[in-house]
Amino acid sequence: MNRNISNSQIRIIRLALLGGILLFGVVAALVASGSVEGGLAMTRPGPLAGVVALLVIMAAGLVMFMRRRIEGQKDMDVRFKSMLVAHATCEAAALIGAVHILMTGGLLPYVAGLTVFVFSLVLLPIEDL
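For the record, in the sequence shown the residue sitting at position 75 is 76 according to the numbering used here, with numbers rising by one throughout.
Derived by calculation from the structure, the hints in this document are not laboratory data. Only a predicted model underlies this, so the values are computations on that prediction, with no experimental measurement involved. Just so you know, not all the hints are guaranteed correct.
Listed below are the simulated EDC-like cross-link pairs for lysine to aspartate or glutamate, each with C-alpha atoms no more than 20 Å apart in a straight line [as the list claims (entries may be wrong)]: (1) K82 with E72; (2) K75 with E128; (3) K82 with E128.
Simulated DEER-style distance windows between Cβ atoms [stated by the list, open to error]: (4) M104 with I13: 43 to 53 Å; (5) M59 with M104: 19 to 29 Å; (6) M59 with A17: 43 to 53 Å.
Ideal Cβ placement from N, Cα and C applies to all residues, glycine included.
Work the whole structure out from these sequences, hints included.
Dropping the structure here:
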């Protein structure tokens, strides 16, 4: 099957996802440092901490599953879509972690989400497509 998207376009999409995560995290930290009582801290209890922990575990498992799926798949469209689903799930974990920063000033959920996103970039290289 002929793809309508090239590897360079996939690289741009991945960098755009990473850029959005980093930008939102920095803005959230700047806003929270001035508005949250006590400023920023690595750990703070909050309603989204458990959700982010669950999303990080789910995203890491999905990355491993999609890696196997991509390795065994011959159809390039399915491989590309599988990669984007894995990256989007990891991005969701990081973005909800950034919302946790805004709510409580706790950085750990954001750092965990960002780590699992970088984990997905490393384990799902573009050269595999």
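Consistency of the hints with the structure:
{"no.": "1", "hint": "K82 with E72", "verdict": "holds (13 Å)"}
{"no.": "2", "hint": "K75 with E128", "verdict": "holds (14 Å)"}
{"no.": "3", "hint": "K82 with E128", "verdict": "holds (15 Å)"}
{"no.": "4", "hint": "M104 with I13: 43 to 53 Å", "verdict": "violated (32 Å)"}
{"no.": "5", "hint": "M59 with M104: 19 to 29 Å", "verdict": "holds (21 Å)"}
{"no.": "6", "hint": "M59 with A17: 43 to 53 Å", "verdict": "violated (23 Å)"}
Checked against the numbered hints listed earlier, the structure breaks hints 4 and 6; every other hint is satisfied.
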